[in-house]
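Chains P and X, in that order, give the protein sequences. Count the first sequence with the numbering used here and you get residues 996 to 1225, in order. Count the second sequence with the numbering used here and you get residues 8 to 544, in order.
Read the hints as simulated data drawn from the structure, not as lab findings. Bear in mind the structure is a predicted one, so any value in this text is a computation, not a measurement. Just so you know, not all the hints are guaranteed correct.
[Claimed, not checked] EDC-like mimics (lysine to aspartate or glutamate), calculated; alpha carbons at most 20 Å apart, straight line:
no., chain 1, residue 1, chain 2, residue 2
1, X, K18, X, D510
2, P, K1215, X, E170
3, P, K1095, X, E188
4, X, K421, P, E1124
5, P, K1069, X, D388
6, X, K40, P, E1222
7, X, K256, X, E55
8, P, K1178, X, E400
9, P, K1014, P, E1071
10, P, K1215, X, D89
11, X, K68, X, E55
[What the hints assert, rightly or not] In silico negatives: residues of chain P with every beta carbon more than 12 Å from chain X:
no., residue
12, P1018
13, F1044
14, E1059
15, L1060
16, Q1099
17, M1102
18, Q1103
19, I1108
20, I1112
21, Q1129
22, A1143
23, E1144
24, E1201
All residues carry an ideal CB built from backbone N, CA and C; glycine is no exception.
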Amino acid sequence: MGVRNMEQNLVNIFLYGKKYEVPSNLTIMGAMEYAGYQLKRGCGCRNGFCGACATIYRVKGDRELKVCLACQTKVENDMYIATLPFFPLIKQPYNIEEVKPTEQIMMQLYPEIYACIGCNACTNSCTQELNVMQYIAYAQRGEYEKCAEESFDCVMCGVCSSRCPAGISHPQVAMLARRLNGKYLAPACGHLNDRVREIKDGTFEELLQNLMQKPIEEMKELYNNREIEK
Amino acid sequence: MYNKEMTESIKKVEAARAENTTFEPRRMTAEEKDTLLATYHPDYKQDEFRVLQIGPNKGGKVPTELAALLQAHSRITADAVDLSRIDYDVDVLVIGGGGAGASAAIEADNNGASVMIVTKLRMGDANTMMAEGGIQAADKPNDSPAIHYVDAFGGGHFAAKPELLYKLVNEAPEAIQWLSELGVEFDKLPDGTMVTTHGGGTSRKRMHAAKDYSGAEIMRTLRDEVLNRNIPVVDFTAAIELIKDEEGKIAGAVLMNMETGELLVAKAKTVIIATGGAGRLHYQGFPTSNHYGATADGLILGYRVGAKLLYADTLQYHPTGAAYPEQIFGALVTEKVRSLGAKLVNVNGEVFMHPLETRDVSAASIIRECSDRGNGVHTDDGVGVWLDTPMIEIKGGEGTIEKRIPAMMRMFAKYGIDIRKEPILVYPTLHYQNGGLEISADGMTNVENLYVAGEAVGGIHGRNRLMGNSLLDIIVFGRNAGKEASAKSKRVELAPLTLKHIDAFEAEIQAAGIETQTVSPKLLPTYTHGNPRFEAK
């Protein structure tokens, strides 16, 4: 799969300090492949969902150290690029059936969140532009519903943690908060529980067995004339 | 940015938007759909398929690219591996770290079996992670598993295996409940009612979602649960051959460290293939919405030991892959965009079809619009039709897009496109492998102790799959395979291990006169993006 109708506008980039000339319309990930890399690390969904391709870069002449997902970011001239395919986050094991959505659980599993110095480096570095420091503040206070909402779009790339002077593993803190919220705090779903019970009671069994045995012609008739909810 | 044709077409789309938003296009008749598919759907292009010359599906046809891998040489010879040196010895070996593999491992663990996941990338590098729109389950009062059955059976062209489809629909509500109890955050109203929408071809609103990160939310939760249980995950390690015992039962796999090339032996009483799809084979030159490792490895492994394929000749082209900008060419634009009210509009600003036909029909209809009808919008690199996203906010109110499809908003915003105000350009993208290894209701193939779950299975959906039935199938059949394979493992006595099937398959290749340099499984695609230094080779 080549680049279609390729622009011949080339830029210089530096992969781990080494210079390559690549088309300006490529993403950083595409540019690495153009340069000849066969990626094994740092490449997952190639679509901004999996967090495999966290990348740090600096454009020559600019003091600011920038971060991004390599699959979602176009190359620029004089970009100095280092990928961060793995970052040693702390993931504490717990039993989801036994934990409770109280402040204590965070204190117990991730006490370092209380060492946050409020530097906001996490928020400034988020590849998803989330308010990371805010969701950590919610976690500190045991406000898991808010923490879950604020952190929902996290792809767990780990860049925030790489920039944190307090050693917080933000994505894992948020993961715990979301599971606590989903399991214990979100309202229970009555119609779901009713339906599971009905199925266990065999309510639909005869109907389904009947459908499974119907000749194809009858199934076509049923399908083509079924009523569709507006 | 937009070229002249695109800019002028957008003006027409804007001018017609108010009228198009309220316009209710009719659905196609069964006959119209049949003709459309036969003329424009890629599955019907006979010269893109090959007849298999060897193996359990000899005489059957599969896509040319898949045939080349199914009939390729092994990466190893039988004598390259010392089977007396066992690196891992478990009850259940799960190959693949996506949603199906993780679900299987959790249930095998629940069942008291020793279980291990091996995955060639990281756990969660899988199509599950990228599923945006949602997961189906008939749990509303106006719905039932029977209605779900009819929708899926018809949508799959009446080809699904009834015993598998029965399981899919009947265990769907329990799958949602299981995920909820693991802490997956589904979109709900304050009283707990699930927020559900239509998908293409559904007759009831039964699409459950977690914004447009549905698969990511499910995958990260399952991954967290696997880690909580200390289930061993051997990552960056690919299975490259299955191992049998002298009695012909499956008995493990030969593994290869992706970084060092080291070969390892995993012995197991049962094996679950959960390796996912094949989008990265780029059938017929299509771009794909799939993750980097979607190269049909499990189909190759299974085929070489004698497991049968079912419907391997049918692929799903998702109607709405991004056609612009080129940096995200082929990336998935979730069907939920249409569920929420966006319609498909051609170059003249005309709504040319009902937005919620099944995926195969929608894809074929877009291809027709862009080819014979000449109503496509041309970019500098390709062609597409508009998906008029601003309709969503006209219909659902301001803020709907940010709340319901934040990932889509973000994906296009990175390239300066505000989907709340501008339409997006789409064209079909290779999305899903409808077929795969055939299983019975217990999840096992025709090869003793070889189980399959997830996208690598064929027969659950028939010849087309409805939106939201894949996230469902990885959970239902992943759990099922985990339970069944772990139960079975308690009764298995393994005879001495052997790799003689590799030599036997190689002999078949020679006997059939197949001349090939290809080795398989492929493991990863190679991209060089038009670099003349590499493409010249």
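Hint check results:
no., hint, verdict
1, K18/X - D510/X, "violated (63 Å)"
2, K1215/P - E170/X, "holds (18 Å)"
3, K1095/P - E188/X, "holds (13 Å)"
4, K421/X - E1124/P, "holds (11 Å)"
5, K1069/P - D388/X, "holds (17 Å)"
6, K40/X - E1222/P, "holds (18 Å)"
7, K256/X - E55/X, "violated (35 Å)"
8, K1178/P - E400/X, "violated (31 Å)"
9, K1014/P - E1071/P, "holds (13 Å)"
10, K1215/P - D89/X, "violated (55 Å)"
11, K68/X - E55/X, "holds (10 Å)"
12, P1018, "violated (7 Å)"
13, F1044, "violated (5 Å)"
14, E1059, "holds (18 Å)"
15, L1060, "holds (19 Å)"
16, Q1099, "holds (18 Å)"
17, M1102, "holds (19 Å)"
18, Q1103, "holds (15 Å)"
19, I1108, "holds (17 Å)"
20, I1112, "holds (27 Å)"
21, Q1129, "holds (17 Å)"
22, A1143, "violated (6 Å)"
23, E1144, "violated (9 Å)"
24, E1201, "violated (10 Å)"
Comparing the model with each numbered hint stated earlier shows that hints 1, 7, 8, 10, 12, 13, 22, 23 and 24 do not hold.
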